[in-house]
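Undergrad: Same order as they appear, the protein sequences are chains A and B. If you're matching positions, the first sequence starts at 5 in this note's numbering and goes up one per residue. If you're matching positions, the second sequence starts at 5 in this note's numbering and goes up one per residue.
Some clues are possibly wrong.
Which copy is meant is left open, so a pair is good if it fits within one copy or across any two.
To be verified - Derived pair list, reagent style DSS-like, types lysine-lysine, alpha-carbon separation capped at 27 Å:
#: 1; residue 1: Lys-146; residue 2: Lys-186
#: 2; residue 1: Lys-146; residue 2: Lys-190
#: 3; residue 1: Lys-186; residue 2: Lys-176
#: 4; residue 1: Lys-219; residue 2: Lys-186
#: 5; residue 1: Lys-21; residue 2: Lys-146
#: 6; residue 1: Lys-74; residue 2: Lys-186
#: 7; residue 1: Lys-69; residue 2: Lys-248
#: 8; residue 1: Lys-176; residue 2: Lys-30
#: 9; residue 1: Lys-194; residue 2: Lys-176
#: 10; residue 1: Lys-219; residue 2: Lys-194
#: 11; residue 1: Lys-22; residue 2: Lys-74
#: 12; residue 1: Lys-214; residue 2: Lys-186
#: 13; residue 1: Lys-214; residue 2: Lys-84
Keep in mind that the hints were calculated from the coordinates and are not lab data.
Number of protein chains: 2
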Amino acid sequence: MIFDGKQLANKILDSIKKETNSWPQKPNLAVISFGDEKNNSSYIVQKRKTAESLGFGFNDYNYSKDDFSKAREYLNKIVKMESVSAVVVQMPLPAEINNSILNVILPEKDPDLLCDRSVGAFFNGHSLINPPTAEAILDVFKEENISLLGKKVALFGYGRLVGRFLVPMLIKEGATVAVIDKDTPKEDAKHISLCSDIIISAVGEANLIKSDMVKDGSVVIDAGFSILDGNIVGDVDLESVKDKISLITPVPGGVGPITVARLFSNVAKLFKYSTKFKN
Amino acid sequence: MIFDGKQLANKILDSIKKETNSWPQKPNLAVISFGDEKNNSSYIVQKRKTAESLGFGFNDYNYSKDDFSKAREYLNKIVKMESVSAVVVQMPLPAEINNSILNVILPEKDPDLLCDRSVGAFFNGHSLINPPTAEAILDVFKEENISLLGKKVALFGYGRLVGRFLVPMLIKEGATVAVIDKDTPKEDAKHISLCSDIIISAVGEANLIKSDMVKDGSVVIDAGFSILDGNIVGDVDLESVKDKISLITPVPGGVGPITVARLFSNVAKLFKYSTKFKN
Numbered sequence: 005m006i007f008d009g010k011q012l013a014n015k016i017l018d019s020i021k022k023e024t025n026s027w028p029q030k031p032n033l034a035v036i037s038f039g040d041e042k043n044n045s046s047y048i049v050q051k052r053k054t055a056e057s058l059g060f061g062f063n064d065y066n067y068s069k070d071d072f073s074k075a076r077e078y079l080n081k082i083v084k085m086e087s088v089s090a091v092v093v094q095m096p097l098p099a100e101i102n103n104s105i106l107n108v109i110l111p112e113k114d115p116d117l118l119c120d121r122s123v124g125a126f127f128n129g130h131s132l133i134n135p136p137t138a139e140a141i142l143d144v145f146k147e148e149n150i151s152l153l154g155k156k157v158a159l160f161g162y163g164r165l166v167g168r169f170l171v172p173m174l175i176k177e178g179a180t181v182a183v184i185d186k187d188t189p190k191e192d193a194k195h196i197s198l199c200s201d202i203i204i205s206a207v208g209e210a211n212l213i214k215s216d217m218v219k220d221g222s223v224v225i226d227a228g229f230s231i232l233d234g235n236i237v238g239d240v241d242l243e244s245v246k247d248k249i250s251l252i253t254p255v256p257g258g259v260g261p262i263t264v265a266r267l268f269s270n271v272a273k274l275f276k277y278s279t280k281f282k283n
Numbered sequence: 005m006i007f008d009g010k011q012l013a014n015k016i017l018d019s020i021k022k023e024t025n026s027w028p029q030k031p032n033l034a035v036i037s038f039g040d041e042k043n044n045s046s047y048i049v050q051k052r053k054t055a056e057s058l059g060f061g062f063n064d065y066n067y068s069k070d071d072f073s074k075a076r077e078y079l080n081k082i083v084k085m086e087s088v089s090a091v092v093v094q095m096p097l098p099a100e101i102n103n104s105i106l107n108v109i110l111p112e113k114d115p116d117l118l119c120d121r122s123v124g125a126f127f128n129g130h131s132l133i134n135p136p137t138a139e140a141i142l143d144v145f146k147e148e149n150i151s152l153l154g155k156k157v158a159l160f161g162y163g164r165l166v167g168r169f170l171v172p173m174l175i176k177e178g179a180t181v182a183v184i185d186k187d188t189p190k191e192d193a194k195h196i197s198l199c200s201d202i203i204i205s206a207v208g209e210a211n212l213i214k215s216d217m218v219k220d221g222s223v224v225i226d227a228g229f230s231i232l233d234g235n236i237v238g239d240v241d242l243e244s245v246k247d248k249i250s251l252i253t254p255v256p257g258g259v260g261p262i263t264v265a266r267l268f269s270n271v272a273k274l275f276k277y278s279t280k281f282k283n
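The following block holds chain A by itself, in its conformation from the complex:
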């Protein structure tokens, strides 16, 4: 079965709309990118469209990557705006912009969990929200009534936005998690993968997961993203695995749209718990 991520995304967006419709004020998302805007334009357009469909405020800002202190100053100004309820900085940052800039974001305006305090609250187990992509992946299991209790998960990739957040979330659901990263020997990756009930890949390397690495009946979540011959592709060679697996999320149309929906459910949640909403 090829999982329809757009359908689940629409379901989540509908429930956000239903909840927020009656709110006297709506959340307002600011998206900031540094350097060449073209690198991020498709993501930004997608967020704008979603914000508009929900009736949320939306603004995007693009700044030069060549003056770090200016970049920091601009970000700080946006974060402090009363009208802005949530701030997203497009990742990855260009090499000229140090990650420390993300600490300018306030945790109560941080739907992507980028700043230290948000990340710390998450790992200390008392964050109000989960990171959008990791949450989107758990959504797929919930939607399909797939329990993680006692299951073996092979997690490919331990990156900033997905892998590292997934480890505690999967363990909390009762899974046994093996993390395969760039230094894992190919034969170990294959062995672990073949022993696993569930494969989650968030690397960004086309055709990383092939048929000979996948156990019959396994569940495969493809959270990878790269460009191959001008096309957006995931980490999994879908054609070669699709007859072996019980469920796979495709790229595009799988985890991606659900992640956008989850970003906006975080934006709504943060707004709801902000002082502003209570007044």
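Please build the complex by placing chain B on the supplied structure of chain A, with the hints as guidance.
TA: Only chain B this time, still in chain A's reference frame:
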């Protein structure tokens, strides 16, 4: 080989002493416990002795667990004291004291990485210090010239103070890490453990790791701690595994003393980078 943790701890303490001897001012550690002090007294005594041997300042405080807001107020007062350069709260906290109290600690005075900002800085990859127990475990590998690159590690336990911190540290060193936690079926734990080059256990369950779970020649790090028949014991049945393994850290006398040494190297590092030292 049974690894001598005390010897490595003394080596680390000697190097701290050597560095800090010439400092015009010395760091000052405050240790705070809530509830019955007896639960923590052996740890506190150990820290006091070590502080004295280094010429560092040391104070311990014990407060009632029955008034959370008072407990918070006391902790806040100690953290803000100019004379106090580092604060440790004895974990685990009694059930009456919510973990959120740890956010009163300032990151620049947090050698155990307890508050959100310290934990976030660690997971965001820009912490000045590593958590003492996790650092102590890596120390053992370094001391014995054991490379983690391409090695398979079975990590038993994903707790607040050890397991969760070890995952990124081990991956950074090039290891492939499988996390075994309380929901892992026994047979899976055994299979993963037998396939691993290195076993690290930080659960607190006597005799969790037995001979039939250990591959010949493997390295076993026992970071567990519990009381069995009045004795301090680790997670590993040392007698049953000692003829199979190439190296094991015993309990007591293994990771424990190195952890105390690493706590004090963190205290020294934080003091060194504080404004106070620079003046």
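Undergrad: Kindly indicate which numbered hints from before are broken by the structure, ordering the numbers from low to high.
TA: 6, 7, 8, 11, 13
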